[in-house]
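K.L.:
The lines below spell out each chain.
Number of protein chains: 2
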Amino acid sequence: MQHIADALGEKIMALKAPVVVGLDPALESMPEAYFAGLPDTLEGAAAAIYDFNQDVIDAVAGIAPAVKPQMAFYEMLGHAGVRCFEETTAYAKRRGLFVIEDSKRNDIGNTAKAYAAGHLGQVKLRGASAASPYGADFLTVSPFLGDDSLEPFIRTAIAENKGIFVLVRTSNKGGGMVQYAKQEDGHNVSESLAVYLKEQAQTSVGTGGYSAIGAVVGATFPKEAKTLRALMPQSLLLVPGYGAQGGGAADVAPCFCPDGLGAIVNSSRGILYAYQKTCGENCTKEQYRKSVAAAAREMQQEIYGALKAAYPDMKY
Amino acid sequence: MQHIADALGEKIMALKAPVVVGLDPALESMPEAYFAGLPDTLEGAAAAIYDFNQDVIDAVAGIAPAVKPQMAFYEMLGHAGVRCFEETTAYAKRRGLFVIEDSKRNDIGNTAKAYAAGHLGQVKLRGASAASPYGADFLTVSPFLGDDSLEPFIRTAIAENKGIFVLVRTSNKGGGMVQYAKQEDGHNVSESLAVYLKEQAQTSVGTGGYSAIGAVVGATFPKEAKTLRALMPQSLLLVPGYGAQGGGAADVAPCFCPDGLGAIVNSSRGILYAYQKTCGENCTKEQYRKSVAAAAREMQQEIYGALKAAYPDMKY
Numbered sequence: 005m006q007h008i009a010d011a012l013g014e015k016i017m018a019l020k021a022p023v024v025v026g027l028d029p030a031l032e033s034m035p036e037a038y039f040a041g042l043p044d045t046l047e048g049a050a051a052a053i054y055d056f057n058q059d060v061i062d063a064v065a066g067i068a069p070a071v072k073p074q075m076a077f078y079e080m081l082g083h084a085g086v087r088c089f090e091e092t093t094a095y096a097k098r099r100g101l102f103v104i105e106d107s108k109r110n111d112i113g114n115t116a117k118a119y120a121a122g123h124l125g126q127v128k129l130r131g132a133s134a135a136s137p138y139g140a141d142f143l144t145v146s147p148f149l150g151d152d153s154l155e156p157f158i159r160t161a162i163a164e165n166k167g168i169f170v171l172v173r174t175s176n177k178g179g180g181m182v183q184y185a186k187q188e189d190g191h192n193v194s195e196s197l198a199v200y201l202k203e204q205a206q207t208s209v210g211t212g213g214y215s216a217i218g219a220v221v222g223a224t225f226p227k228e229a230k231t232l233r234a235l236m237p238q239s240l241l242l243v244p245g246y247g248a249q250g251g252g253a254a255d256v257a258p259c260f261c262p263d264g265l266g267a268i269v270n271s272s273r274g275i276l277y278a279y280q281k282t283c284g285e286n287c288t289k290e291q292y293r294k295s296v297a298a299a300a301r302e303m304q305q306e307i308y309g310a311l312k313a314a315y316p317d318m319k320y
Numbered sequence: 005m006q007h008i009a010d011a012l013g014e015k016i017m018a019l020k021a022p023v024v025v026g027l028d029p030a031l032e033s034m035p036e037a038y039f040a041g042l043p044d045t046l047e048g049a050a051a052a053i054y055d056f057n058q059d060v061i062d063a064v065a066g067i068a069p070a071v072k073p074q075m076a077f078y079e080m081l082g083h084a085g086v087r088c089f090e091e092t093t094a095y096a097k098r099r100g101l102f103v104i105e106d107s108k109r110n111d112i113g114n115t116a117k118a119y120a121a122g123h124l125g126q127v128k129l130r131g132a133s134a135a136s137p138y139g140a141d142f143l144t145v146s147p148f149l150g151d152d153s154l155e156p157f158i159r160t161a162i163a164e165n166k167g168i169f170v171l172v173r174t175s176n177k178g179g180g181m182v183q184y185a186k187q188e189d190g191h192n193v194s195e196s197l198a199v200y201l202k203e204q205a206q207t208s209v210g211t212g213g214y215s216a217i218g219a220v221v222g223a224t225f226p227k228e229a230k231t232l233r234a235l236m237p238q239s240l241l242l243v244p245g246y247g248a249q250g251g252g253a254a255d256v257a258p259c260f261c262p263d264g265l266g267a268i269v270n271s272s273r274g275i276l277y278a279y280q281k282t283c284g285e286n287c288t289k290e291q292y293r294k295s296v297a298a299a300a301r302e303m304q305q306e307i308y309g310a311l312k313a314a315y316p317d318m319k320y
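Chains as they are written, first to last, in our numbering: chain A, 5 to 320; chain B, 5 to 320.
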């Protein structure tokens, strides 16, 4: 089987698009058309989101290689929302997109194993059956509980040919509260996590030179990104903070390697809600899909252009 | 309305039980009786767990004031498991128990707001309706993303008269990887989080002197617990690590204040799976319930005894 890091890299090169579209369906921000005829209940909201997500996925398939559903917006609707998350993942995969599940899970021991099995692996049922209810390709993981809490996610990802992105430097200001604290060797928490992940990444590298034992590094701190990139030369980086959060196309270049690979940049609100400035609240679904496709195309061109400028000899 | 920290404190005193029973239903560890007649599917597993949980709740109501369902064991079963989580919470509340949802959620900005609304507050739907799908009283929260990621949880908890337990010092060894890193002022990460939480806790304190802006502090590091207790004199502490993880009754005393309050000690496996040493795999449900009640009673007596020894003048 092709290593997942290679498979993602090939798709990025084919589309010239190291970008991922965040599926953050905020009920108050979606066009009215998706709610028509549905009850004002958790189930109705989940149905609206699934319809909305299918349109977003249809609009970006062929432009972006991946989508990143943010679990909070599904989970907040209870089990109806979680079912919608499962359906969204399955739909995106049928359309040929990679799915990065943004859930930032973390816990210790057996509990971490349960999360890893549920989100990345096989859930062994009581009898002979097994199930994989979420079906994502990649999962984001929070490292607050340390290396022994990360291990089950790393082991499961490698065994299943899936990937993880461990939070290393998040895109928000407050992240420094924990992430800038210093270890005895002079590294801060982000850097020490990067050193740990470098070692782990080496245990599973594709032919393209990258590992799916990756890291989240925000676009909002480009100098730090450069340091962290150097500490994790083989890890795929998931880069949030582009667009609505303030990161520009030039800010993301330090997250990449000179071959133009090794990172994937997320935009959520900048793509999903671009329609508010053009066709507006009462747009048709067709207008909405066009707005999403245009915003995704614009992002792809900006990122690709910035990379070409930074790395003229890149691979694609 | 009575402050939630007072309500929990009253119930702890009435039962002489500063303890919480963890609902960590691991499929491979449950008695066979709960699976009889159910299909070997995610839905069947969720139904078995709900039946099992009702028996655990019935057995411990009147002994312990609270239960702590660990989300990983539900979420791993997909939306069927999340529905079981919702049903379990509702059942525990009907039986008069407090529910501490152990989900360790965390994210930034709008996403943290979505988690806080879903788990502790009101989810505003598209129309005039609102919903609270999970219904827990307390939620555990991970602080890796820093103060601005914690704020939505703190604000929502206070507004809704609910509580949070922020991870400060976890019970696992690996936790030190992040939690021992040092700030410029000499505090480590755990201590600096404690200083932050102390300030936040002060903004909502019950008549008993405690705040439901609390912290997780493991029983496995009693010296550190003493320091952290002193830094957070008003915060309720949730104490994992007792029993199966190695913490003894004497180890938990430093997590409490001299009035015998201010903390609640969790045991999960030590209570749920005590039956394996007595009636075994093929026990009846009635035998299972008795085993749970006996193990919960034993834990209550151990903790209460250790507290009485450490704090002879405690309030109950």
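Calculated from the structure, these hints are not laboratory results. Among these hints, one or two may not hold up.
[What the hints assert, rightly or not] Under the rule of at most 20 Å between Cα atoms (straight-line distance), these lysine to any residue pairs were calculated in the SDA-like manner: (1) B:Lys166 / B:Lys294; (2) B:Lys128 / A:Lys20; (3) A:Lys20 / A:Gly309; (4) B:Lys177 / A:Ala40.
[Stated by the list, open to error] Covered by chain A, according to a simulated footprint, are these stretches of chain B (three or more residues, beta-carbon under 8 Å): (5) 18 to 32; (6) 39 to 51; (7) 78 to 84; (8) 167 to 175.
Heads up, the beta-carbon is just placed ideally off N, CA and C, and yes, glycines get one too.
K.L.:
Take the hints in turn and mark each one as holding or not.
P.N.:
Hints and how they fare:
A distance of roughly 32 Å separates the Cα atoms of Lys166 (chain B) and Lys294 (chain B); the hinted pair therefore is violated under the 20 Å criterion. Proposed proximity of Lys128 (chain B) and Lys20 (chain A) is contradicted: the alpha carbons are some 39 Å apart, above 20 Å. The suggested pairing of Lys20 (chain A) with Gly309 (chain A) holds, with an alpha-carbon distance near 10 Å, which does not exceed 20 Å. Between Lys177 (chain B) and Ala40 (chain A) the CA atoms are separated by roughly 52 Å; this puts the pair beyond 20 Å, and the hint is violated.
Beta-carbon proximity to chain A at under 8 Å applies to 4 residues in the region 18 to 32 of chain B; the threshold of 3 is reached and the given coverage holds. Closer than 8 Å: that is the beta-carbon criterion, and the region 39 to 51 of chain B has 6 residues meeting it against chain A, so the requirement of 3 holds. Coverage of the region 78 to 84 of chain B by chain A holds. Counting CB-CB distances below 8 Å, 6 residues qualify, and the rule asks for three or more. Only residues whose beta carbon comes within less than 8 Å of a beta carbon in chain A count, and the region 167 to 175 of chain B has 3; three or more means the coverage holds.
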